[in-house]
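Q: The chain contents come next:
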Amino acid sequence: MAATEKFDNLIRLHGAIVNKVCYFYAHDIDDYRDLRQEALLNIWQGLDRFNDDSALSTWIYRVTLNSCVSYFRKNKRNRKSEPIEHHPELIADGNEQIEMVRDLYSLINMLGAIDKAIILMWLDGNDYQTIADVIGMNKATIGTRIHRIKEKLVDLSNK
Amino acid sequence: MKRQWSQLSAHHDNLDKSITPEQLGKNKTAQQQLIRKYRCLAIVCAMFIITTGVTIPRITDNWWLGIACMAYFAICTIMELVMQHKVGEIELATMPVSEVATKAAACRRLHHIFQLILIPFALLLLGSMAYVMSSDEAFLYGMAGGALIGIVIGFINYFRFMDNYKLLINQ
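The listed protein sequences correspond, in order, to chains P and G.
FYI, this note's numbering numbers position 110 of the first sequence as 110, with every residue one higher than the one before it.
FYI, this note's numbering numbers position 19 of the second sequence as 19, with every residue one higher than the one before it.
A few of these clues could be false.
[What the hints assert, rightly or not] 27 Å max Cα-Cα, derived DSSO-like pairs, lysine-lysine:
hint, chain 1, residue 1, chain 2, residue 2
1, G, Lys86, G, Lys26
2, P, Lys150, G, Lys2
3, P, Lys152, G, Lys2
The hints are simulated quantities; they were obtained by calculation from the structure and are not laboratory data.
Predicted model, so just to flag it, every value in this text is computed and none were measured.
Work out the full structure, taking the sequences as your base and the hints as a guide.
A: As structure tokens, this is what we get:
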């Protein structure tokens, strides 16, 4: 399969992962666009290094999260971009989803980068071992971190 | 929360169709751009080792000033190369997220440390040059103007670099 075809298929199947992760790491619209472009570039350039032993979605998570946590941000001075939380429609359809994205963003945005990565993967239904592999921690630590993050989120949502 | 999230996943596929592999193939990642910046700065600094080594002995008899300038630019070159290497070590396609976050934060810290070392050294060098050339008023004015421009450019570049480095990490 040609690289462009492979990339197109991959984005069609797993593009939502890129969008959602970038949305929750972005501060404003420009940030979101830059992060997404950065993640897609890294996926495109890393395609030949994709190890077939891991699921494609897991690899997409790895590259996208790595792009977000390490992002060497482009010059932001003089930017007057709107906050990302004003645009939930970027990853949601319908009023119910839009409200949910707003609520989730306000909570998840209070977490640190690694905790954010863990909870995003957990929300997407990844098992502890997969999360552990992508994050680079052991399974037990991931279990403990998820438990603590959930407690923190409950505390935050009650405030 | 998890249930709501899965609904979101099922409904969503809004990727901007304008991002095509052809376009992506032409672009460089922010990491690649940063590596290129460090490489360019290393080349410029390496050129300054030669130019200061040649010009300073011609305008003053104080040979140590020429050697100090050459040493300064040699240190700058090494630091730029170290930064280029460190940023290049980050492998987004294969490394775990925690490792990438740690390495990126370490790069930012190292960049600060290098600047903290180089800025006082540069001021000391400028002061020494002003002292040695104090009899030549035109040279002093020229140097003050050059230093001012250098400081402004330095600050602009510093903030640009820091923007590039600003990690999305709250930890």
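Q: Against each hint, give a clear statement of whether it holds in the structure.
A: Consistency of the hints with the structure:
no., hint, in the structure
1, Lys86/G <-> Lys26/G, "holds (24 Å)"
2, Lys150/P <-> Lys2/G, "holds (11 Å)"
3, Lys152/P <-> Lys2/G, "holds (16 Å)"
Violation of the numbered hints given earlier is absent; every hint is satisfied by the structure.
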